[in-house]
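**Q** Let the sequences and hints guide you as you build the complete structure.
6 protein chains.
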Amino acid sequence: MSDMLKSFREYRAKMNQKLQETDNKVIKRIMNLDTNTYKEGALDEKTKEMLGLVSSMVLRCDDCIQYHLEQCHQLEITNEQMYEVFSVANLVGGTIVIPHTRQALEYWEALNEEKSQSSQT
Amino acid sequence: MSDMLKSFREYRAKMNQKLQETDNKVIKRIMNLDTNTYKEGALDEKTKEMLGLVSSMVLRCDDCIQYHLEQCHQLEITNEQMYEVFSVANLVGGTIVIPHTRQALEYWEALNEEKSQSSQT
Amino acid sequence: MSDMLKSFREYRAKMNQKLQETDNKVIKRIMNLDTNTYKEGALDEKTKEMLGLVSSMVLRCDDCIQYHLEQCHQLEITNEQMYEVFSVANLVGGTIVIPHTRQALEYWEALNEEKSQSSQT
Amino acid sequence: MSDMLKSFREYRAKMNQKLQETDNKVIKRIMNLDTNTYKEGALDEKTKEMLGLVSSMVLRCDDCIQYHLEQCHQLEITNEQMYEVFSVANLVGGTIVIPHTRQALEYWEALNEEKSQSSQT
Amino acid sequence: MSDMLKSFREYRAKMNQKLQETDNKVIKRIMNLDTNTYKEGALDEKTKEMLGLVSSMVLRCDDCIQYHLEQCHQLEITNEQMYEVFSVANLVGGTIVIPHTRQALEYWEALNEEKSQSSQT
Amino acid sequence: MSDMLKSFREYRAKMNQKLQETDNKVIKRIMNLDTNTYKEGALDEKTKEMLGLVSSMVLRCDDCIQYHLEQCHQLEITNEQMYEVFSVANLVGGTIVIPHTRQALEYWEALNEEKSQSSQT
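Chains as they are written, first to last, in our numbering: chain P, 344 to 464; chain Y, 344 to 464; chain H, 344 to 464; chain E, 344 to 464; chain A, 344 to 464; chain Z, 344 to 464.
Since the hints were made in silico from the structure, they are not lab data.
These figures come from a predicted structure and were not determined experimentally.
Treat the hints with caution; some may be incorrect.
Copies of one chain are not kept apart here, so a pair can be met inside one copy or by any two copies together.
As the list claims (entries may be wrong) - In silico DSS-like cross-links for lysine-lysine, where the CA-CA straight-line distance does not exceed 25 Å:
{"#": "1", "residue 1": "368", "residue 2": "349"}
{"#": "2", "residue 1": "371", "residue 2": "458"}
{"#": "3", "residue 1": "368", "residue 2": "357"}
{"#": "4", "residue 1": "349", "residue 2": "458"}
{"#": "5", "residue 1": "371", "residue 2": "382"}
{"#": "6", "residue 1": "382", "residue 2": "357"}
{"#": "7", "residue 1": "361", "residue 2": "349"}
{"#": "8", "residue 1": "382", "residue 2": "368"}
{"#": "9", "residue 1": "389", "residue 2": "458"}
{"#": "10", "residue 1": "458", "residue 2": "382"}
**A** Okay, here's the thing in structure tokens:
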């Protein structure tokens, strides 16, 4: 597993645990909602994860982007579909989204590589 | 046609025409890209318009929201699907998105009403 | 009651009702959380409403500002305290917050006037 | 004088006066700095006003945009120069800046018209 | 002292010194205002620092967050109070604030640990 | 060459190449526009690069800031002019821009040093 993927996942898991331990009701409910919102409903999971991703891109939140990239990858969104999500984000949000797209692409390629390595084993 | 829909469409059309008349190449290309980005590709038009809409909502641009609501409505996105787009926007963008959701819902209902009136004729 | 106060309150109440009627769980929970978050806890209600107000100001959401101004006014935050909230918002958020401060001040003065009129009756 | 120009100028002047009357030191100093920052220094006034304008556009603050448009107009920035400021704002900030550009163009044309009318008298 | 606290404080102090040395009047006045705004007035220092913190959180500025966390910690704001500030920021600003809350919590815990270590000596 | 300059330039070049290789038309056109927009027109290159810089500062995009700092440096914008661009960004965008100004100043000084070293050879 690439260092980038590993350190992101570990830090996120560790600190989410600590956020839960604050025992603050509002924070816990928001984190709970964060899981429920993306479940299949009138829209399928793929669409919802792409909605979450594009929102994170135009708001330029790298950690949020990486989280949704992970979900989109597991749901087997293709490279071409992903690039079209990137294109909407860059059009709507402008060139300030480009640096975040560079990082998103790097993360996406790491996810692709991780998958191709695990399938070779 | 409701006044809200009419005045939005007319002002937008008039001023887009004036933007074209500035004859500034960059502005014209951006407006041109704005049309092309949402065309069917690896993702279908519906998905792309919802991506444009949710981006506009978290960035809280009422005019952009209204434009994408019009497109989504023409593409026959259902009420339940639309409310799920709203829900992602409000979760990711927070309660500051609520006032824009109130306006979006009002606009969406005007589009529903316009359609039901035209189908009665 | 001033027209400004009246139209804000009526539109907000009407559309919040409609948002409830969408029957979308995520939207309903967010609206529910929006009420609970500001209840007295380790911090008192006054402090929490000022936190909500200053957040709305730096994010430049006029409707959110007006809502928290109403709450702050009911909790009897003084003019001088309110101006200090304004000052933090303008310092942190910069001069782009000034136009929203102009509107906030206008709304605040309408609330002051409404109160002085009702106490005269 | 067009109604748009008149109502913007009057409201702004009236409320700036009221902001001064709050007698809050921080607010008064920020408003004072707001005037001084754009004075000629290592950069000339034209350049500084265009910097203020493009910042207001990417942050999508209509009132701030209108204020800087007034200053740029008085400094005799040409239409072609103005459109290039618009183009940078739309490129950097993305298509969510378009609705604000539509309004900016409308305001700019009202300023052009006001000038041509006053020169005819 | 933890590396995180040390490197933040040293870099901030070094670069603030360099900002002063630019000898640009506007920059110096803004930095000066930045100190004065949070002094006790109609609101006490605790409230003002929490206002500065929540503003920095919804605007998602990690360095600004860390600065206000330091101030809040010195003013002996409790863990439970701090978590309620976090909760308002996450409600108003949405889930894009979560990654910044994870970092804020990590920094806050480092401040707690630093204090408990120094009191043991 | 300083490590900061080197790693920024290399990462940017490598990932821009990868963005081109996605072969997504919209992304390629936006990147193309990004180059053309700053070419001399009714406004000279210096002014346009400063417009790009100040926009990146108020939107708080460090990578975008560094890119425009490089361009401004090559166009021989002076230190005093640069500090005035910084001052407009901090006034309009508020104190949340200060941390980005600290980083911008550090990068700018690295560019100054690089130039003075190369001219000594």
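**Q** Hints the structure violates: just list their numbers, smallest first.
**A** 1 and 2
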